[in-house]
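This is what each chain is made of:
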Amino acid sequence: MISVQDLVKKYGSFVAVDHLSFEVERGELFGLLGPNGAGKTTTISVLSTLLPADGGTVVVAGCDVGRDPGGVRRRIGMVPQEIALYEDLSARDNLRFWGQLYGLSGSSLHTRVDELLEAVELTEHGRQRVSRFSGGMKRRLNLAAGLMHGPEVLFLDEPTVGIDAQARSKILDLIRRLNDDGLTVLYTTHYLEEAEQLCDRIGVIDQGRLAALGDKDELIRQIGDEDTIRFVLPPEAFDDLVAAAAAWGAIGDPEIRRGRVVLRVVDGGRALPQLQAWLEARDLPLAHLEIERPNLENLYLNLTGRALRETT
Amino acid sequence: MNPRFIGAIVAMRLRRIAADRGNVIWLLVMPLVFTFMMGELMGDWSASGAKPTLVVYGMRGADPAFSAMVDRLGTSDDFRVVARDTTAAPARARRLLEGKYVSGALIIAEDYADSVAAGQRPRVQFFYDSDRRSSQGVRRAVDRELARLATRTAAERLVDPAAADSDPALASAFDDSAYARLYEEPRVRLETEVRGRSRGADLLVLDDAREHSAPSYTLMFILMFMLMSAKDLVLERQNRTLDRLRIAHPSTGDLVLGFFLSGFVLGLVQGGLLLLINSLWTGIDYGDSPAALVLVMVLFVAMSSAAGLLLGTLATSGGQADGLGMVFGLGLPALGGLWWPLEVTPEFMQEFGRALPTGQAITVFHDLIGRGHGVAEVAPMLWGLGFWAVLLLVLAALRFRRYSV
Numbered sequence: 001m002i003s004v005q006d007l008v009k010k011y012g013s014f015v016a017v018d019h020l021s022f023e024v025e026r027g028e029l030f031g032l033l034g035p036n037g038a039g040k041t042t043t044i045s046v047l048s049t050l051l052p053a054d055g056g057t058v059v060v061a062g063c064d065v066g067r068d069p070g071g072v073r074r075r076i077g078m079v080p081q082e083i084a085l086y087e088d089l090s091a092r093d094n095l096r097f098w099g100q101l102y103g104l105s106g107s108s109l110h111t112r113v114d115e116l117l118e119a120v121e122l123t124e125h126g127r128q129r130v131s132r133f134s135g136g137m138k139r140r141l142n143l144a145a146g147l148m149h150g151p152e153v154l155f156l157d158e159p160t161v162g163i164d165a166q167a168r169s170k171i172l173d174l175i176r177r178l179n180d181d182g183l184t185v186l187y188t189t190h191y192l193e194e195a196e197q198l199c200d201r202i203g204v205i206d207q208g209r210l211a212a213l214g215d216k217d218e219l220i221r222q223i224g225d226e227d228t229i230r231f232v233l234p235p236e237a238f239d240d241l242v243a244a245a246a247a248w249g250a251i252g253d254p255e256i257r258r259g260r261v262v263l264r265v266v267d268g269g270r271a272l273p274q275l276q277a278w279l280e281a282r283d284l285p286l287a288h289l290e291i292e293r294p295n296l297e298n299l300y301l302n303l304t305g306r307a308l309r310e311t312t
Numbered sequence: 001m002n003p004r005f006i007g008a009i010v011a012m013r014l015r016r017i018a019a020d021r022g023n024v025i026w027l028l029v030m031p032l033v034f035t036f037m038m039g040e041l042m043g044d045w046s047a048s049g050a051k052p053t054l055v056v057y058g059m060r061g062a063d064p065a066f067s068a069m070v071d072r073l074g075t076s077d078d079f080r081v082v083a084r085d086t087t088a089a090p091a092r093a094r095r096l097l098e099g100k101y102v103s104g105a106l107i108i109a110e111d112y113a114d115s116v117a118a119g120q121r122p123r124v125q126f127f128y129d130s131d132r133r134s135s136q137g138v139r140r141a142v143d144r145e146l147a148r149l150a151t152r153t154a155a156e157r158l159v160d161p162a163a164a165d166s167d168p169a170l171a172s173a174f175d176d177s178a179y180a181r182l183y184e185e186p187r188v189r190l191e192t193e194v195r196g197r198s199r200g201a202d203l204l205v206l207d208d209a210r211e212h213s214a215p216s217y218t219l220m221f222i223l224m225f226m227l228m229s230a231k232d233l234v235l236e237r238q239n240r241t242l243d244r245l246r247i248a249h250p251s252t253g254d255l256v257l258g259f260f261l262s263g264f265v266l267g268l269v270q271g272g273l274l275l276l277i278n279s280l281w282t283g284i285d286y287g288d289s290p291a292a293l294v295l296v297m298v299l300f301v302a303m304s305s306a307a308g309l310l311l312g313t314l315a316t317s318g319g320q321a322d323g324l325g326m327v328f329g330l331g332l333p334a335l336g337g338l339w340w341p342l343e344v345t346p347e348f349m350q351e352f353g354r355a356l357p358t359g360q361a362i363t364v365f366h367d368l369i370g371r372g373h374g375v376a377e378v379a380p381m382l383w384g385l386g387f388w389a390v391l392l393l394v395l396a397a398l399r400f401r402r403y404s405v
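So the protein sequences, as listed, match chains A and B. Using the numbering used here, the first residue of the first sequence is number 1, and each one after it goes up by one. Using the numbering used here, the first residue of the second sequence is number 1, and each one after it goes up by one.
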């Protein structure tokens with residue numbers, strides 16, 4: 001449904017998207033995960049024909065964005081990161097306007113407006129000015145505006161920025177329902193948990209380049225299956241620990257980082273009782289224990305050398 | 001081009017303007033306040049609807065005939081006479097006239113009666129402003145009465161036995177009542193009719209300052225509102241509603257026309273209402289050519305809407321759009337003679353002003369109101385306005401296209 005091959009986009013000498021390639025299948029919910037400035041919005045802008053590409057090929061719903069932008073536009077819906085609505089008009093007037101610009105009129109327009117207001121749970125607020133809406137309500141209406149003409153592909157550019165957990169959950173549920181109904185979704189976010197929860201596949205993007213691609217499990221496998229155990233240990237016992245750890249399935253030697261021992265093991269569940277027994281035998285306490293399963297944060301750290309939350 | 005898309009954009013933008021009631025202040029209230037305020041402040045040619053004033057200095061009692069003349073001037077419906085039984089220096093009369101406190105000043109010399117008695121030519125000085133219509137009207141009346149006085153004096157001398165140049169044969173022939181009757185009912189009457197208005201090309205020919213302030217502040221606030229609306233386009237770019245518009249079905253041409261026409265329709269409604277209110281309120285007569293009036297409004301509003309659109313495509317932030325809108329919204333009216341008539345500025349500024357759309361539009365209004373011109377006479381200025389409208393719209397469309405792939 002979406003094919004991106006060697007996409008390049010530059011702003012002057014700055015390369016915002018650097019030979020990016022990925023494919024999205026029909027009916028798939030695909031996530032582009034990366035920090036602000038990674039190139040997500042630029043990518044989505046090129047895919048939705050708002051920006052010309054400087055290189056590469058992009059095909060959306062069978063239409064080349066360079067050669068047939070009109071064809072692409074007819075098939076896509078876009079929900080920008082900003083609240084792209086007229087806040088001085090009512091929700092209903094906004095949807096009606098966007099519907100008119102997609103060629104809807106008369107009863108079909110009226111019906112579609114009603115359907116979408118209901119879908120985003122704003123029927124009761126249809127005649128209210130958007131400026132009086134909460135952040136979550138605006139986000140839901142923003143999403144509805146992108147669906148007026150029943151697109152085949154929906155581009156969502158960080159649609160949950162700046163709203164609370166409850167509102168975010170409503171939007172994610174709505175996106176999941178739309179995807180279940182067959183809508184192909186390209187979703188950009190810098191929230192790891194959203195990408196993990198929502199997306200069938202995830203492309204990790206950093207500095208305009210695709211750093212990793214796959215479903216959640218595939219991505220995590222790229223950094224290995226090992227668990228990480230962290231705890232505090234008196235320094236004099238560290239050498240003994242190094243000697244004992246190999247027997248618990250440790251991968252490599254334990255290290256000391258920021259005053260804590262970092263022990264990577266094949267299976268944390270099995271290694272932990274053995275560690276406990278080893279400490280009790282020496283009458284040492286198990287202090288500040290932390291066990292970490294592999295996750296996308298580790299993957300991102302591994303790929304870029306930076307934690308995702310440090311870059312957003 | 002798709003009229004349905006264009007219509008939807010126009011309707012949406014007008015609905016947004018209507019949704020903000022504060023816009024009424026800029027659209028209607030401010031122009032009317034300025035029209036009234038500046039009309040009041042701009043001196044005698046407004047005079048708050050009062051009659052022009054002729055001030056007469058001199059010892060009226062010194063000569064009954066002259067006194068009768070002043071009394072007759074005082075019966076005029078077109079101006080009022082303020083008589084001062086004092087003598088005045090010409091400098092004072094000139095100052096009153098230049099300050100637009102009066103439309104004419106008549107000074108009767110102290111030795112007027114003695115001069116008449118001695119058979120000399122008496123001296124009467126009259127000051128008026130040839131550029132002011134009210135002043136011209138006063139002059140016509142004074143000329144007429146002076147001619148009457150002169151002929152009477154000459155006739156009296158002809159029959160006066162004491163006068164050196166008198167004709168003894170006519171000594172008893174002068175009949176004062178017959179003279180007055182013949183003057184009032186002459187055997188030959190010259191009928192004159194003014195067709196249209198004064199055609200002095202470079203003169204300000206308006207009767208009332210509001211005849212300037214009403215069209216000028218209408219034009220100024222149309223332009224100002226359009227330029228201030230440029231910020232809307234910047235905000236549409238920033239909140240990405242413009243992106244949404246671009247990926248919807250309308251073409252770039254539809255979007256440009258939609259934005260342009262929304263301003264155009266609004267400007268026509270605003271301009272039409274202001275001209276109508278001013279006409280009803282102050283009784284301004286916009287001339288004898290409705291076609292020229294419609295054309296100047298259509299072209300000026302089109303130019304203003306295109307200017308606002310162009311500014312919106314040039315400004316990179318809302319603050320910049322506001323600042324530039326204010327600079328051009330105040331600067332163009334000032335240079336083009338909307339704040340004050342171009343006629344009071346130096347020659348080179350008048351030429352420069354009439355090259356600007358604001359100067360062209362107000363010149364058309366002056367020509368319609370003050371000179372009774374029609375489409376043919378104001379055509380050069382209308383062509384100028386049309387040129388500006390097309391140029392700005394083309395530039396705006398080219399800038400707008402930069403947003404599109």
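Please keep in mind that the hints were generated in silico from the structure rather than gathered at the bench. Keep in mind that a hint or two might mislead.
Unchecked claim - Now the stretches of chain A that chain B is said to cover, found in silico as 3 or more residues with beta-carbon under 8 Å:
1. 82-91
2. 100-111
Said to hold, decoys possible - Some chain B residues near chain A, calculated using beta-carbon distances under 10 Å:
3. N2
4. V24
5. S67
6. D71
7. R72
8. Q238
9. R240
10. L245
11. R246
12. S251
13. G253
Claimed, not checked - Covered by chain B, according to a simulated footprint, are these stretches of chain A (three or more residues, beta-carbon under 8 Å):
14. 131-140
15. 291-297
Quick caveat: nothing in here was measured; it's all calculated off a predicted structure. The beta-carbon is built from N, C-alpha and C at its ideal position, and this holds for glycine as well.
Contradicted hints - numbers only: 4, 5, 6, 7, 13, 14, 15
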